[in-house]
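Peer 1: Chains as they are written, first to last, in numbering that gives the first Met the number 0: chain A, 0 to 373; chain B, 0 to 143; chain C, 0 to 143.
No wet-lab data here; the hints were simulated from the structure.
Even for Gly, the Cβ is constructed at its ideal location relative to N, Cα and C.
Just to be clear, a hint being listed does not mean it is correct.
Here are the computed lysine-lysine pairs in the BS3-like style, where the Cα-Cα straight-line distance is at most 30 Å [unchecked claim]: (1) B:Lys138 - B:Lys87; (2) A:Lys18 - C:Lys72; (3) C:Lys72 - C:Lys51; (4) C:Lys51 - C:Lys15; (5) A:Lys18 - C:Lys51; (6) C:Lys51 - C:Lys86; (7) C:Lys86 - C:Lys15; (8) C:Lys15 - B:Lys138; (9) C:Lys72 - C:Lys86.
Not everything, but these chain A residues come out facing chain C in the computed CB check (under 8 Å) [to be verified]: (10) Glu30; (11) Leu48; (12) Gly51; (13) Tyr52; (14) Leu72; (15) Ile79; (16) Leu122; (17) Arg142; (18) Glu145; (19) Ile146; (20) Thr160; (21) Phe178; (22) Arg296; (23) Arg299; (24) Ala369.
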Amino acid sequence: MIGTATLLSESRMRMDRVKIPIGPQHPLLKEPLAFQVTAEGERIVESTLRLGYVHRGIERLCQERTYVQNLHLLERVCGICSHVHTTTYCQAAEALLGLQVPLRGLYLRTLLCELERVHSHLLWFGVLAENIGFTTIFMHAWRDREIALDIMEELSGGRVTHAVNVIGGVRIDIGEAQFQTIISRLYDLESQVHGFLELVEQERTFRARTRDVGHLSAEQVRQYCAVGPVARASGVDVDVRRDAPYAAYNRVPVRVITNDRGDVWARAMVRAQETIESLRLCHQLLIGLPDGPTAVRAPRRVPAGEVVSRAEAPRGEVIYYIRSDGSDQPARVKIRTPTLPSLMTLPDQLRGVHTADISSVLSGVDLCIACADR
Amino acid sequence: MNFDLVLESLRDALLLPEIESRPVPIDERFVQIPPERLREAVAVLVNNLELRHLSTITGQDTGQGIELLYHFWHGNGLTLCTTVPYEKPTVDTLMALIPAAAFYEAEVTEMLGVTFVGNADPGPLFLPDDWDGDPPLRKQNAHG
Amino acid sequence: MTANLVRAVVRWARGKSPWLLHFNSGGCNGCDIEILDLLTPRYDVERLGIIKEASPRHADILMCTGPVTRQSKDRLRRIYEQIPCPKWVLAVGSCSCSGGVFQGGSNVLGGVDQVLPVDLYVPGCPCRPEAMIDGLVRLLERIE
Numbered sequence: 000m001i002g003t004a005t006l007l008s009e010s011r012m013r014m015d016r017v018k019i020p021i022g023p024q025h026p027l028l029k030e031p032l033a034f035q036v037t038a039e040g041e042r043i044v045e046s047t048l049r050l051g052y053v054h055r056g057i058e059r060l061c062q063e064r065t066y067v068q069n070l071h072l073l074e075r076v077c078g079i080c081s082h083v084h085t086t087t088y089c090q091a092a093e094a095l096l097g098l099q100v101p102l103r104g105l106y107l108r109t110l111l112c113e114l115e116r117v118h119s120h121l122l123w124f125g126v127l128a129e130n131i132g133f134t135t136i137f138m139h140a141w142r143d144r145e146i147a148l149d150i151m152e153e154l155s156g157g158r159v160t161h162a163v164n165v166i167g168g169v170r171i172d173i174g175e176a177q178f179q180t181i182i183s184r185l186y187d188l189e190s191q192v193h194g195f196l197e198l199v200e201q202e203r204t205f206r207a208r209t210r211d212v213g214h215l216s217a218e219q220v221r222q223y224c225a226v227g228p229v230a231r232a233s234g235v236d237v238d239v240r241r242d243a244p245y246a247a248y249n250r251v252p253v254r255v256i257t258n259d260r261g262d263v264w265a266r267a268m269v270r271a272q273e274t275i276e277s278l279r280l281c282h283q284l285l286i287g288l289p290d291g292p293t294a295v296r297a298p299r300r301v302p303a304g305e306v307v308s309r310a311e312a313p314r315g316e317v318i319y320y321i322r323s324d325g326s327d328q329p330a331r332v333k334i335r336t337p338t339l340p341s342l343m344t345l346p347d348q349l350r351g352v353h354t355a356d357i358s359s360v361l362s363g364v365d366l367c368i369a370c371a372d373r
Numbered sequence: 000m001n002f003d004l005v006l007e008s009l010r011d012a013l014l015l016p017e018i019e020s021r022p023v024p025i026d027e028r029f030v031q032i033p034p035e036r037l038r039e040a041v042a043v044l045v046n047n048l049e050l051r052h053l054s055t056i057t058g059q060d061t062g063q064g065i066e067l068l069y070h071f072w073h074g075n076g077l078t079l080c081t082t083v084p085y086e087k088p089t090v091d092t093l094m095a096l097i098p099a100a101a102f103y104e105a106e107v108t109e110m111l112g113v114t115f116v117g118n119a120d121p122g123p124l125f126l127p128d129d130w131d132g133d134p135p136l137r138k139q140n141a142h143g
Numbered sequence: 000m001t002a003n004l005v006r007a008v009v010r011w012a013r014g015k016s017p018w019l020l021h022f023n024s025g026g027c028n029g030c031d032i033e034i035l036d037l038l039t040p041r042y043d044v045e046r047l048g049i050i051k052e053a054s055p056r057h058a059d060i061l062m063c064t065g066p067v068t069r070q071s072k073d074r075l076r077r078i079y080e081q082i083p084c085p086k087w088v089l090a091v092g093s094c095s096c097s098g099g100v101f102q103g104g105s106n107v108l109g110g111v112d113q114v115l116p117v118d119l120y121v122p123g124c125p126c127r128p129e130a131m132i133d134g135l136v137r138l139l140e141r142i143e
């Protein structure tokens, strides 16, 4: 007798639960994060995660540096949404100092916020496409994203981190020649993004991989206090730019985009449409750019007090709490980024999903672990 | 947010004749609640006022105790503030009312050593498995 | 004689087509997205024979980004051990060179050289794709 292989009928095969570790190093994950997914047959029944691989103790570091030094640090909480971090932080410090940022400064600050949203959404779209096997779209999206990076580099000197915000305003300005070339490039980018939107809406394989996968109801969104495109794609109408306008958003109102399906496809629709809306906002900000200075001087010492500041990062609501003790170093800086509540929704999103769809669901959330861990 | 309604609801439900509150920039009201009444206060917000969006929980060592700030949002910002003493840094968990509290409480537990009674999985969340020091945001560790 | 020929071909191929593995041990993502950018049409390192691999077993060069955090130290070492010899380590970005802006962070050990032998340091915050390509070319010259 060669071997003792026994043939079992499918019904007699025991469906054991299998634990599948994903990460911290894994092709799906751009950042270290450890997942453990438990599958029964092909379906996920539960999942747990372990954060902390990117925890750098930034909140504690903030207490050991001055308000100005923290600008450099906080821009590096996350490389993708670097500008919105310093925006939220500067708003907080400016409120404690009682500073009024000049309108031109607010417009330029907002312009960078929207350009950052564009680059972040295109980055996400390419990564999602790559993770579901659509490498061509990854290449197209990231090639077009270079247009946004070029504009940001021209304005600030940096592609990824910009150091545009200072306490009191922004340190950049824009001339007439720049204005014209930026407007024309935004127009080029917009036509490309319309192509991506059409793909999301109509391309059969993209729809097959993303529809009815990773579902979250509006109630689940509310329970986990999820924010940003994840919330809006489940029909929850929240956006800090409209609900608590900051920077120049009270002058260039935002059209908030929602979708009721609550699946990965809905998240793609929301982000694609948001990108087009952001390009429109960039255009509005440029043509309506008021004259005047771009910043006011800020004293080094910040009066004692507390402040809560919010902004809409590409992934949703980011909140900063700062307490000042009257010195030139903050007594406490607390940061909560939008990825943290999104992570809390993941076990629900993954439950019942096929193991083959893990890539869709994980990519659909737009995780930024550097933001979450700080 | 109808802030007067919030204060009135809290006063009535908690039977507290006076509730201290103060405005805080940028668009926030801070409301003082005794730690042992905190869960009840949040129940009022969630069940009576549909005020459910908890942005995060800030913990800080003020030198007089560990202050906990529960940052809510409902058209405007509302922060419930409470302070737990060093000798007994405990407060009830909010997880049954707001599942999102899970991670926020776990972070305060590991960073400041506060116990949230009823939170079955308090971490570690961000600190490494082999963390052997004191909670990093406690004052004596602030410049360690 | 045949063995020598095979060795020469392998050495030539390794120098002409190094396969990269990228690991982020705790960085902000800035360098990581610029590394991914290397693969995209503007920089397109695949025309230079460089591809990014998913498995440590297939890689020649380990590109590290980010400071080493306590939690990721062991994973970094394990990944390095899984890469078959000969292998090289490229520290990309200021954080993996020295800890960068996060030096002194409670969970931060420092640059990659706290854990692994580094062959080439490519500074920058974040490191530009042009600088990464320059670093890779210098490393390849050293390999050949």
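Peer 1: Let's test the interface hint: is any C-beta of chain C closer than 8 Å to that of Ile146 (chain A)?
Peer 2: Since the shortest Cβ distance to chain C is 10 Å, the answer is violated.
Peer 1: With 8 Å as the cut and Cβ atoms as the points, is Leu48 (chain A) at the interface with chain C?
Peer 2: 13 Å, violated
Peer 1: Tell me if the straight-line CA distance from Lys138 (chain B) to Lys87 (chain B) falls inside 30 Å.
Peer 2: Answer holds: Lys138 (chain B) to Lys87 (chain B) is near 16 Å, not above 30 Å.
Peer 1: For the pair supplied as a hint, Lys86 (chain C) and Lys15 (chain C), is the alpha-carbon distance within the 30 Å limit?
Peer 2: 15 Å, holds
Peer 1: Given the hint that Lys18 (chain A) pairs with Lys51 (chain C), does the C-alpha gap stay at or below 30 Å?
Peer 2: With Cα atoms ~27 Å apart, Lys18 (chain A) and Lys51 (chain C) stay inside 30 Å; holds.
Peer 1: Does Leu72 (chain A) pass the interface check with chain C, least Cβ-Cβ distance below 8 Å?
Peer 2: OK, holds: Leu72 (chain A) within 8 Å of chain C, min 5 Å.
Peer 1: Does the CB of Gly51 (chain A) sit less than 8 Å away from some CB of chain C?
Peer 2: At about 5 Å, which falls below the 8 Å cut-off, the nearest Cβ of chain C leaves the hint on Gly51 (chain A) intact, so it holds.
Peer 1: Going straight from one Cα to the other, do Lys15 (chain C) and Lys138 (chain B) come out at no more than 30 Å?
Peer 2: The given pair, whose Cα atoms are some 55 Å apart, is violated under the 30 Å limit.
Peer 1: Close enough to count: is the Cβ of Thr160 (chain A) nearer than 8 Å to one in chain C?
Peer 2: Check passed: Cβ of Thr160 (chain A) comes within 6 Å of chain C, closer than 8 Å.
Peer 1: May I ask you to test the interface hint for Ile79 (chain A) with respect to chain C, counting a Cβ-Cβ separation under 8 Å as satisfied?
Peer 2: 6 Å, holds
Peer 1: Mind checking the alpha carbons of Lys51 (chain C) and Lys86 (chain C) for me, to see if they're no more than 30 Å apart?
Peer 2: Roughly 15 Å separates the two Cα atoms, so the pair holds.
Peer 1: Given the hinted pair Lys72 (chain C) and Lys51 (chain C), is their alpha-carbon gap at most 30 Å?
Peer 2: Between Lys72 (chain C) and Lys51 (chain C) the Cα gap is close to 22 Å, so the pair holds against 30 Å.
Checked against the numbered hints above, the structure breaks hints 8, 11, 19, 21, 22 and 23 and satisfies the rest.
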